[in-house]
Structures are given as C-alpha cells and as structure tokens.
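*Asks:* Here is how the chains run, residue by residue.
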Amino acid sequence: MSMATRAKRRRDTAAPDEVQTPWPIAEGNPAPAGLDHASWLADDLLVLVGWFDLDDDRLPEASLVVGDRSLPLDLRCISYARPDDPRVGHRSGKVILARLSCAKNTRGPLGRLMIRTGARTFSLGPPDLAQAVTDMRTLLRRNLAGLDPATRDAAMDLLASALTEDHERTAAVRLSKNLFTIREAIRERLPYAVTARDQPRGLHVDALMAVDERSFYIKGWIWDEEASVARLTAVSPEGSRAQLLEGAFRYPRPDILQFYGATSDDRPIKSGFISYFQVEAPSHLSTGWIVELRNAFGVAIETKAPPVVRGIVGVRDRILADLVHERQARDDLLRGHLFPAVSRLQERHCRTVHVESVDQFGTPNESADVSIIIPLYGRIDFLEHQLAQFVHDPEVRRADLIYVLDSPELADNLRDAAAQLFRLYRLPFRVATLERNVGFSGANNVGASLARGRLLLLLNSDVLPDRPDWLGLMTAFYDSTPRIGALGPKLLYEDNSLQHAGMYFSRPEGSPVWENMHYFKGLHRHLPAANVARPVPAVSGACLLIDRNLYREVGGLEGVYVQGDFEDSDLCLRLIEAGHEHWYLPHVELYHLEGQSYPLALRQLTLRYNAWLHTQRWNERIEAIMARYEPSLREP
Amino acid sequence: MSNLKVLYICHNHATVRPGGVEAYALELYEAMRASDEFEPLLLAKGGPPVSVVENHHLGTPFGLVNDDPNQYFFYTNGTDFDHFYGTLRNKDIYTKFLHEFLISHQPNVVHIQHTVLLGYDLIRQIRTSLPHAVIVYTLHEFLPICHRQGQMVRTNGNELCSQESPRRCHECFPGIPPQHFFMRKRFVLSHLSLVDLFLTPSRFLLERYVEWGIPREKIRYEPNGRHYPESIVEAEPGRPRNRLGFFGQFSLYKGVNVLLRAMKSLTGDGSRGDATRLVERWTATPRPNAEDRPDSDSPNVQLRLHGANLELQPGTFQNEFRELLEATRQNVTLVGRYEQADLPRLMANVDWVVVPSIWWENSPLVIQEAFQHRRPVICSNIGGMAEKVAHGVNGLHFQVGDAVSLAETIRHAVSTPGLYEALRGGIPEVYKIEDHVTALADIYRSLLERAASTA
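Just so you know, the protein sequences line up as chains A and B, in that order. Following this note's numbering, the residues of the first sequence are numbered contiguously, the last one being 636. Following this note's numbering, the residues of the second sequence are numbered contiguously, the last one being 1455.
Check the hints yourself; a few may be wrong.
[What the hints assert, rightly or not] Below, a list of computed lysine to aspartate or glutamate pairs in the DMTMM-like style, where the Cα atoms sit at most 20 Å apart:
| hint | chain 1 | residue 1 | chain 2 | residue 2 |
| --- | --- | --- | --- | --- |
| 1 | B | K1185 | A | D462 |
| 2 | B | K1185 | A | D466 |
| 3 | B | K1185 | B | E1211 |
| 4 | A | K177 | A | E280 |
| 5 | B | K1218 | B | E1230 |
| 6 | B | K1005 | B | E1449 |
| 7 | B | K1005 | B | E1037 |
| 8 | A | K304 | A | D206 |
| 9 | A | K304 | A | D332 |
| 10 | B | K1218 | B | D1196 |
| 11 | B | K1185 | A | D393 |
| 12 | B | K1096 | A | D416 |
| 13 | A | K177 | A | D166 |
| 14 | B | K1005 | B | E1039 |
| 15 | B | K1185 | A | D381 |
| 16 | B | K1005 | B | D1196 |
| 17 | B | K1185 | A | D166 |
| 18 | A | K270 | A | E280 |
| 19 | B | K1005 | B | D1082 |
| 20 | B | K1432 | B | E1030 |
| 21 | A | K270 | A | D332 |
| 22 | B | K1185 | A | E594 |
| 23 | A | K177 | A | D43 |
| 24 | B | K1185 | A | D495 |
By construction, these hints were calculated from the structure, which means they are not laboratory data. Please read all numbers here as calculations on a predicted model, not as lab measurements.
Let the sequences and hints guide you as you build the complete structure.
*Replies:* Written as structure tokens, this is what we have:
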C-alpha cells in the first residue's frame, strides 16, 4: 500500500488538501516517522519518544481524535541525533511532551493521534498508540537512559516544563514527585563533593530558600584549588536547571580558607556565594535539590542542598540578615539578589488579603468624624492599655475605633480579650481579623477600607495619649490648614524625651542613601525649637492624621518596605507629589513606647534595606524637597 | 431614712491570715456595725494564695465568712493575677460577678483597703455598676508606685528609694523594659482616677502619692483608729528597763536581722571587724567612726522576738537569721507566732519595742500597739516610723539599717537614768477606733453630699 492510498483512506479525519502520513510506517527503511514508546506523566500529560521527519524549528500542531471529537494537544519537543537506528536514518529522534489542554482526566480511551506540520499530517491509530503506551519506568530505561548526558539534561528540562503555575496544588505535587523519579533515573551523576582538607575542591550549600514557586535564594561556598569555577548549576528536584555563577554575589569566607589551610594573603578568593535565581518550571518539593560545580578543566562535582526553607516572613528575615556581608557603600548584593528576593516576598506578603471577620463591640457611632486605625502585631496586651486611657477621653469615645489584627494566630485570644475588655471599659470599638499576616501597610490599608470617618488617624498600638482632647486639637488644625496632606503630633518616649517632632531626610556625607530622621529626637519635650507648629517634609506613621479620600487617592501605605519602616515617608512623598504639605503639631503630645519587641540587629539591616529602596524610589524628589526645607527648619 | 451602706473591700480576711491591714479592716467593720447611721459590709478576697481553700461553689466567686450576712469572701484566681499591672486577666470576674454583688447590695460608699490580688480594675467596675456611690481608697503602702512589693527599696543593695521613674524602675528590674513601667503607671492611674478620695494613715505617705501624681485635693491624712486594749499590764516596778521586744514578720524589710546584729555586738560576741563589715554591707556609707565603738562594758540587754513567716523568706535571709540567733542565744528569746489577744501578756515582759524596718513603713500597727501599752519605741529614722515616733519625746531614732547605730541607741536607752520614764511620759493617746469611725462618717457624708449636689 502506498503512502498516497493510505492517506486517501484517512481523508475523513484530515483536511482534503493535506497529505496524511501513517505513523509508524511498517514497511520501508528508513521510515519517515515512528514511535518507540509513550507514557503518561500526569492525567493530562503524555510523553512520547520516537522520530519523525519534521522541521525542528517549527512547533507542530497536534490533536487527539476520540470518536467525533478532536481534542487539541499542546506539544513541546526536543530533538537528538539517532545515527545508529536504521529505521530512523538521517532523521532526528524526538522526545515529545503532549498536554491535553481541554480535557480533564483523559487517561481513559485513547483516540487517534494527529501531528500536523506544514502540509503533512502524521497520524497514529488507537491500536498502535495503545500498543506504544507503557509505564514511565520502561520508557526511561529503554529510550532515555542510554542517551548522552546533554540530551538527557535537555529531555529533563522538557519534562520539567510540564509543571506550570496553574496546576492545582495536589496535582502539582504529584507531578513534581513523578518528575523527581524521572530525574533520578536519567540524570548524569557527578562525583559527590567531599569536604575534606585533602580534597582539591569542595562545594556546600548553606541554605536554599523559596521566594516563590519559581524563585529561590541560595547561599553556600565553593573551593577549587586547581582551576577557576566555570559553571555552578542548581537542579531542582523536578529537573529544572538554573545557572548560578553569573551575577552571583561572592564574598570572603575566612572559615573556609582556614579549613583548607590557606590564608587570605595567598588566596584572595571569595569562597562564599549568594544567588537569587529562577527556574523555568515551578518547584514544589523541599528535598532533592542538587548543585553542580564544573571548573575550567571540565572537572565536575555535585552536592545536595539542605531542605528548602519556606515561609514568607522567616525567609525574608533570613535573607535580610545577609546584608552583613556587603559593605555599607556597595549595593551589588542588595540590587542583584536581596532586592529581587525581598521585594517578591513583600509582594506575596501584602497581596490582597481577605478580612476574616469584623467584630463590633458596643454601639458604633455611625456619624463618627474620625476613624482611628490601630494595627496589632505580635502583642495584643496594648489594647488593654490604650482602652484604659481612651476611656477617659470623650473625643476618642465618639471616634470610629478600629483595631486590625495582623497576627492571625492570636485571633481567638484577641476576640476573647476584646469582649471582656469591652464589658469593663464600655468604649465602642471594632476588631478586624485578617486571614493571614500582611504587614504594617496591609493592616492599615484594610483598616482604612473599613473606616467610616471623614478623617483617618493611623495610630500605633504602643502610643498612649498624655492627656485627653488631643484628637479634637488635631482635627481642628487639619481642617483649618489649606493644602494639608498629613498631620503629625509631638511623640514622646517614656522619659519625656522627643521621639517625633516631624521627619526630614538626610544623606550623610559620602553615603548614597537618604535616611529618615526625626527632628530633635532624644531631646526634652520642652525644647523651644520643638514647640513650633510648622510644615515638615514628612511625619511619623505612628500617629498620622489624613483625609480618608486623600489617603485612597494616593494609594494608601505602600507594601514594598519591610516591617513598618518608611511606609509613612513614602506616603508623605506621594502626597507632596500630589501638591500637599505636611504639618507638625507640637501642642498635641502622645507617648510612643516604640521598639519593644523587634530584635535590634535585624532591625538595623531592615533599616538599611528600606533606606536603600526608599532612595531608589525617591532620590531626586527628596533632593528637591530637602533643598526647600533644610535651612529654615533646624532653627525655627 | 435607711442606714447608709458602706462596703469595705480588703485583699484578705484577718481570720484567714493575720496582717496589719486585714486586722484594721475587720476592726473598722466591727466598729462601724456599732454605729446607728451606717450599715457596713466586708468583702475580703478568699482563695489562693492567701488561703489554701478554694471556692467550692460553682458559678459564684462569693462565699460566706460565717453567719454574718454582711461579710463575704470574694474568691479570685490568684494565678490569674498579673502582679506587674495589678489586674486580673479575666475581666468577667468584675463585669459579671462583682457587678451582680454591687447592684444586689447597692452600697452608698465603697471603701477600699487594698486591691492586690483583686485588681485595680475593680474600681472601674464599682464606678460603672454604682454611678452614684462614693469611692474611698486607703493607701497602706506604695504598691501602686513600686513593683518591688510596694516597699520603695531598691533591688540593688536594698537602698531606700524616694522616687520612681521608668528608668529607675528598669534599673531595679532589668528584665522589664522601662516602657512597661510607664504603661504600668498609666494603667494604675487610669483606674485610680475614679476614686473620690484617698486616705493615708501617715503624712509621709500622702506626700509620696502627691509627688507621684494623685491630686492633692483628692487625698487626705486620716490615721487608722484602734480598739483600746481592755487591760494594760504595767512592767513590774523597780527592775532595770533592759527588756526589748520585736513584734512583726521575720522578714528582710522588717529589719529583724539588723536588730540581731546589734544584739550580737552589744553582747560582746561580735568581733570588731565583723561589725564593721556588716555596717558596710548594710548602709550606703560606712560610718567613719565605727572603729571607735566601745566593745567593753556591754550592758545586760534581753530581746524577745515575736513573729512568724520566716519560712517564706529567701534562704540567705533565713540562714543569717538562724546564725545570728545562735550567736546571741544568751540574750535573745524566740517567742514565735502570736495572736492579737496575747499582746497584753507579751507586752508585760517588754520595756521597749524596737521597730528596725529597713523600708519606709507607713503607720505600723506595732507602734500603735506599743503606745497603747505605754512602751517607748526605738525605731529607724525614716518614713512612717519617724513620723509616728518623736525622737527624745516618746522614743528614740537610729540610723536605718545600721546595726552599730541601733546598738548605741539601745545602750543609751537602757543605761541613761530617767530616760525611760521621760519617754513613757511623752507617749500620746492612741487614736481610738470610735473617733476614727466618727471622722470617717464625716468624710463619707461630705463626699455623698458633694456627689448629690453635682449629680
């Protein structure tokens, strides 16, 4: 039977002007197409190994015809040379990954496989296809294990690309596990890195952290006495490969030099490496990561990475801690690795959050003029202390008091405590509980979305008023000041020294970064210069009054900063952009008992990160603003 | 018109565990009951840690003391009490139970003797439940001011403290941040601001609280009145006046070891170097002339120790107490625990009463008792003691914490002819509970009138 007649007989399933090629071809050597084996990788993923005469550059169209339905297939493939097979001839071998894009579980009855390229269509009938289907293990052993390492790596990359972000979680993990099994079956194993003094080279991963499903942050060290390192590759458990060396941050590791008996004098090598990287396909498994090192001589070793560290806040804080490895004046690590990782983590941290519940205690004042928004994070005991002060303050009693809990694990405790405290203090307030932690900016923005008042007062939970009537003074000043953006009062430490008398920006000589400074911080509350109401470049978010509509117009607090720093100044800068001015009001005094829980060392690194980011966003603008403010403000 | 109801609230009932404030509260309650104008109620905290017995009635924290329909225990959970902020964490005890109690009895006056283990929050509940009642609060020590059991004695070297601040308190308790001390004061003052009138049994204490933040117009000096004893046993005439008595807790703050150290040096057992070292340890500045102290011709002095609760003290204190007792056993007799009723009999064996407290004291019961039995007092020269005992008039002062000064004072007391009789003659009449009741009635009435006129 000639190809033409076969093609004619199958005309019912193909366009009339196309030539159909049956596949495999039984007779004739070499054949234009053939299928060795097929195997299911997942319910909607079929792996095919075979060959066919096909222009490598063009992505073929394909479908699976079951009865009278034609199901489109999404096809990806790689090619490799198969010179030894007489059936194949000059044609290249193919590993094909076929995704059934419109059907759910289609592992059921197989139809006819049609692959269309240009004018030709290869077609494989159900009996032939069914015969080719085997289990994955057989396919790997017979068709892939014998290939050269580079082809196996390419095949693995192809299979790993089966994982996409839109997989449902359980299916994704199942697929990941299958891919891991495949990777273990076909990958080229390198000599395992041994950390010993008599070894010429070493490789170790200290930590591997997940930034999201495709982005990771890795740190470790490498050592090679004989040649420079040519390539450093991370291999995900699912088989995706990513190159780490280019752009990696390298830093000295005196402990490694010492271990190998070298001194920094004779080997000025930066053994430590830190790299933020992305893999093509998402990775879900925590164990199974491999890192490979290849030196300029082509000698290679590999090592296992420790289990992937996950959890947004924990990972973020560990990454920030690495800032100690970079000198103050440089920003290679920051720009190339910390920032992409941390900003992505912050984005995940602050993404739209659902309010789990809003509990109203007492009868709300529906016509409240001011909404007071107080995020609670980590500690809920401040609630009792604020209520004990607010209860004697008629203006706060009339306000719309909203506590936003940003520590979901404390939700039950808070609701119980709030109910009890309300019965004792009889001061109406609301408690909004978020389904997960979203950070300072997210919590404030949620509070703002719930607000009923015309004005918003952003207030920290560790702020206690010195005396009643402060709120009325603030709103009166706000309403009588044209073009006002944000209003901030005097804030005091517990020893009556100034915590806040307005904020300004300062760039120390030789520093590339603007710092947020508080006027007269640490000086006495009665310092004459601190007792003048005046416009300031910014005010603290610990106690900040703003028009609710204005707050919304400029987008509320920005979530890119870490841990309640710089959100306030960023807001103030956006308000200045919009033509507003901020004021400091000294005759309103509140105590701000700041910084009681956050570890100091991490806080300083966080500060450095935030300041760098703040400068990236606002550098020129701040320069212009400070040129306007500086001389007049220090000496009123 | 029906009698005005006065509710007294105390942190313990005198019949459960004796103590100065508890004894006074019970006496006051009983004296008020004799008045035909007032009907008193007594609500005393029950349950641990004051007593081992817990409330055994489900669904109510209240229990009866005896058949008296006006005396109740208020069982609160001692472990739920936050000793730092002075509050019960579970607020239901106030908003549910105390509220029910208050509106059931409708007292016109609530007079608080102590809020430890009960919480300052109860003042707020009283104000909420009884908007027209008058709230009076007697301050017996410095607990609202000082986290160190209200003693105002610093943790480092037991130096006397005369001013709190977040910084200084943090120095005493480095584990507690200064911000917490700031919050503590704000919290306590928030509740105390609902009190109509504070009473203090000493002027010294009054001034401390005014400095701390209680408005002067809301605080008033009113000494604690006492029952007059039925009999006063005179010391037998003619014998030398060389018998000393100590009455009180065997605790660090009560200074019993200062007294024992003085006894040790007086009875010639203590070596000179030993005494000097002790002086250095216990006073801020060593006395420059400590070396000149005469060791010889020790007078014959006898001391009787009446008190208890040594077992509640820190081990180092207990050990020193026992060592000193062993070293002075020729001249010191440990009598031990006593009841109020034993006092006349015990006083009969005592000429002088020694009050060597190393904390400020306020209005020590023991000074009133000594004066009731017409015994001159030798006491530390500070605070409530110095206020209540006039040096050279009805007693003698010595340098607080200084065993050498105390020894010299005792030597002077027992060996100066005519001194004892002169000081005895200077002892004032003790303020009688009946007079105290009259004064309190005036206070309650004027507060009620003022409340009625502003309502």
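*Asks:* Determine for every hint whether it applies to the structure shown.
*Replies:* Right, here's what the structure says about each hint:
| no. | hint | result |
| --- | --- | --- |
| 1 | B/K1185 - A/D462 | holds (15 Å) |
| 2 | B/K1185 - A/D466 | holds (12 Å) |
| 3 | B/K1185 - B/E1211 | holds (13 Å) |
| 4 | A/K177 - A/E280 | holds (17 Å) |
| 5 | B/K1218 - B/E1230 | violated (36 Å) |
| 6 | B/K1005 - B/E1449 | holds (15 Å) |
| 7 | B/K1005 - B/E1037 | holds (9 Å) |
| 8 | A/K304 - A/D206 | holds (10 Å) |
| 9 | A/K304 - A/D332 | violated (27 Å) |
| 10 | B/K1218 - B/D1196 | holds (7 Å) |
| 11 | B/K1185 - A/D393 | holds (18 Å) |
| 12 | B/K1096 - A/D416 | holds (15 Å) |
| 13 | A/K177 - A/D166 | holds (17 Å) |
| 14 | B/K1005 - B/E1039 | holds (5 Å) |
| 15 | B/K1185 - A/D381 | holds (15 Å) |
| 16 | B/K1005 - B/D1196 | holds (16 Å) |
| 17 | B/K1185 - A/D166 | violated (56 Å) |
| 18 | A/K270 - A/E280 | violated (28 Å) |
| 19 | B/K1005 - B/D1082 | violated (31 Å) |
| 20 | B/K1432 - B/E1030 | holds (13 Å) |
| 21 | A/K270 - A/D332 | holds (14 Å) |
| 22 | B/K1185 - A/E594 | holds (17 Å) |
| 23 | A/K177 - A/D43 | holds (14 Å) |
| 24 | B/K1185 - A/D495 | holds (13 Å) |
Going down the numbered hints, you'll see the structure goes against 5, 9, 17, 18 and 19, while the others check out.
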